[in-house]
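Asks: Residue numbers (our numbering), protein chains in the order written: chain A, 2 to 111; chain B, 25 to 515; chain C, 423 to 921.
It is possible that part of the hints are untrue.
20 Å max Cα-Cα, derived DMTMM-like pairs, lysine to aspartate or glutamate [said to hold, decoys possible]:
{"no.": "1", "chain 1": "B", "residue 1": "K404", "chain 2": "A", "residue 2": "D96"}
{"no.": "2", "chain 1": "C", "residue 1": "K499", "chain 2": "A", "residue 2": "E76"}
{"no.": "3", "chain 1": "B", "residue 1": "K404", "chain 2": "A", "residue 2": "D86"}
{"no.": "4", "chain 1": "B", "residue 1": "K404", "chain 2": "A", "residue 2": "D57"}
{"no.": "5", "chain 1": "B", "residue 1": "K404", "chain 2": "A", "residue 2": "E54"}
{"no.": "6", "chain 1": "C", "residue 1": "K558", "chain 2": "A", "residue 2": "E38"}
{"no.": "7", "chain 1": "C", "residue 1": "K503", "chain 2": "B", "residue 2": "D396"}
{"no.": "8", "chain 1": "C", "residue 1": "K558", "chain 2": "A", "residue 2": "D96"}
{"no.": "9", "chain 1": "C", "residue 1": "K499", "chain 2": "A", "residue 2": "E62"}
{"no.": "10", "chain 1": "C", "residue 1": "K499", "chain 2": "A", "residue 2": "E55"}
{"no.": "11", "chain 1": "B", "residue 1": "K404", "chain 2": "A", "residue 2": "E59"}
Don't read these hints as lab results, they were simulated from the structure.
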Amino acid sequence: MSETHSAEPSHGQLTREDVLKVARLARLGLDESEVEEFTGQLGQVLGYVGILEEADTEGVEPLAGASERTDVLREDEPGESLTRDQALSGAPRHDDRFFLVPPVLDTSAE
Amino acid sequence: MTACREPASVLIERLSNGETTSLELTEACLAEITSHDGAVGAFLHVAGDSARQAAESIDRRRAAGEPLGRLAGLPVAVKDVLVTRDQPTTCGSRMLEGWTPPYDAHTVEKLRDADAVLIGKTNMDEFAMGSTTENSAFGPTRTPWQLDCVAGGSSGGSAAAVSAGFAPLAVGSDTGGSIRQPASFCGVVGLKPSYGRVSRYGLVAYASSLDQVGPFARDVAGAAMLLEVLAGHDRRDGTSVDQPVPPYGQQLEKPVDGLRIGICPDHFGDGLDPEVREAVERALDIYRGLGADVQEIELPHSRFAVACYYLVAPSEASSNLARYDGIHYGRRTDDHDGLVEMYSNSRGAAFGTEVKRRIMLGTYALSAGYYDAYYLKAQKVRRLIQQDYSQAFADVDVIASPVAPTPAVRLGQLTDDPLQMYLADAYTISANLAGLPGVSIPAGFSQDGRPIGLQLLANAFTEDRLLRAAAMHERETDWHLATPTFAGDAC
Amino acid sequence: MPSPTTIIGLEVHVQLQTRTKIFCGCANRFNPDEPNVQTCPVCLGLPGALPVMNRRALELSVRAGLALSGTIAGLTKWDRKQYYYPDLPKAYQISQYDLPFCQGGHLDVDVEQENGEIQSRHIRLIRVHLEEDAGKNLHDESGRGGDSRVDLNRAGTPLLEIVSEPDIRSAAEARRYLEEIRLLMVYLGVSDCNMQEGSLRCDANVNLEISNSANESIRTPIVEVKNLNSFRGVEAALVYEISRQQREFEQCGGIYADTAKQTRGWDADRGVTFAQRGKEEASDYRYFPDPDLLPVSFSDEWIEIQRAELCEPPADRRRRFVAELGLSEYDAGVLVDRGRETADYFEAVATACGDAKQAANWVTQDVLRELNEREETIESFPIDAQGLASLLGMITSGDLTTRSGREVFSSLMNNQGGDGSIVERIASIVEERGLSAVADSGALETVIDAVISRNEKAAEDFRGGKDAAIGKLIGEVMREVGGADPNAVRETLISRLRP
Ligand SMILES: [Zn+2]
């Protein structure tokens, strides 16, 4: 829970480093021209959305969805599962039992 | 005129009294697709064989006197954003090219239960992000009325399919206008239901709190008929509402007594194409002539709608599209140096520019330090926008406005400038932010022959009244009867 | 220089014992032998699939929260915690960020101190929240850098996260805290807490407060030790980590280049913690409310219904066994810690036979020994509580000697005594073997008198102070009267010979 949720927005002032950082966070490979293009365009859009500061939202509760209903629950009853073949059917790589991914490095000892 | 250009209600009638068969109808649609879809680009997948089989089976069951569903034998095109267990589902993206899901969307199940003939999957902006269908990885969809102009988007393929007579009915999805705007560009009826009216289970999510599935048809009765099939509670979608589905089609002939129409002056300001303004004003005159009371209303926060939408939708999208990581389904590039790069390179290679743009925007808006200023602020403004509408609907039954500032634009006209493109959504996105139903109905043409739609919005879960109000206009006009002609067409 | 203070906070993950997963109808079952057979569009995170909250998971969560004395929120919601990992198919975990269903709470734990004294420690909780578990990555162990394999059977298992305040002061205390959480969750029926199967897992945050040479109080950087999945592991990892931090402090003199929180893994084989490469951008999870899941509200009435489902917590039960039933702390601990069913069994025996101490002796010794030998649980124990109570009742009333009682007990364990109820079988075993203690003291005295007169020498020796001589007399009486109580025989002999 180390996240902090407050800072000044940087309307219209997006740096190339900001774009690269966000792209890393989103695991989104961008080529050089995209980085340049997005730096300008996203800055422009963020500049535009700064208009929201003109809206007086003092004491206004955020609205997360169009519906504010609560308490939609399901009973703890078994439903249909897929077969393993179905589960793996869309995977780019599998060995008929598991999904396969390049080695996960995070747990390696230093 | 080919069979498929008849309104759905007429075709249902002909099927049930034996004047035509589902197979004839299906063949007619497939023939139209073969002849003209090369130019239009409405379909990503045409399910000719399975459609013929379904049609034959329905014809047999009809001949045997078996009970049939409400859309029995009618070809229906489905936007490629709804998963289908027997047809590929790409969402217009290279990311999902070649993927056939192991399950059906709730709405697809409903169509099958209603004995509709699923004729194919329609083109769309990649992951429903866009308003021209030019963001499809598989080429744009053009409005059949003018092939150098876009069909609108993101449900451009569905709108164009109905307009071109490729299918009498089609299903689309609407997150910020993606049903209503292409309906307007293609001269058909398109309805976005209230949030929660139709299950989202199996609708590939763009922005979960805004997405809604809805019908396209040639006329209001067709839209009502299809909505009746699509709507209804689904326990697999917690946001779907457990309310009975009214028989939308039954009361269409009945005008709304003392119809009160609200208009917001902001909707008629700078940037509105004069021909669109003229069409909307003409429609309002028609309503006045029917005894409707047209009054000005205030939507004080509507000027924030575009900014609000372009924070909420990309934020949710950045999260919803994180799952395309090249592991459990979708594309994986071999060009990588380990897991982290595999993610980035796969996503970088398979997503198109607009999708990347919105993922970037949403990731930024949710990232540490910016959440309060962007996402949270947008959610608060969203409530203000919703409150505006609830106040407005205390005084009026529907709110009339343009659907888009212009008729269909030429291909490539807007794609260079994302912000200009986003601003063009101004009339439609409030309905999504507030969860309201909205419909686009044909209301005229520009001088050069591009269709113009009229948008009507209503209070949540009053689709019945909204459709009746729309039908009032339709009865007085014949815009919906016009059909596009392709070069070389006999009719 | 004062000794360093250890500061430990635990994040404990408990898999809930539901039939199905948290958001879909797939089975919630440990099944490593058949990977990827308990999945569906929802828990595979397929495009278009949507989650719906499992009612039972909420009920069990709230019961756990109440049993931990937490405050149940009136309204709770779920947020998406976003990060990329192959076992997380949506690339976000549905968790709870700023409105967990339960805040605060505490757990009191008795911990044996170095001096052997038992001290009660009050560990406060920060929060308890409900989230979905991820699947499992299986790394290539060959060392050749082969692909990792992903099994999603576990993805979407309901998971409780119990976060403590940094109130824990030693490795032993951390272990006791975890043991007590486990016992409580098992008592409540919230989880089976099977650590081998990963249904109870733990991460520990640990650092030290040490005085430096200038007598300033310095805190060592916080280390999160991950993936502790045995009680021994928790204790050993913390012992290691505490001494590692102390060594590090001594080496750097309390001046750290990097004071950021560090993540370390526990290598149980080598007995060391090791630095883990931090997840890239791990600190920015971009939490936001999940638009697919509606918030849940808890009415006071509903919370009270859940409270009514709670059982007596283990700690209360131990106290009651000591205070009301007169057991030793040790026996109370053994009975309660063995699990709710064993404690229930003991209590049923104690109530039915009216002698809690004797019931405790028999259950902690005879019953548990049999269970351990047979590697069985109390549910399948062949002597029901009613049966054992009646056996103990016979001993208390003197109808059976303790020794005969043990003989009956072992006959019952060997399925002797026919097909009737335990009570009937006891009667038939006693009858068959003539084990019934001679209740007619007149008859016993007649035999004793006869034995004394036949053994003048031994009687004389005993009268003369040779205590050992009584053994021969007791033996002869016992041979003549099967089932006699040796104590009663001894006492009668003494009263005759040394009046
Ligand atoms: Zn599942």
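Asks: Hint numbers the structure violates, sorted upward?
Replies: 1, 3, 6 and 10
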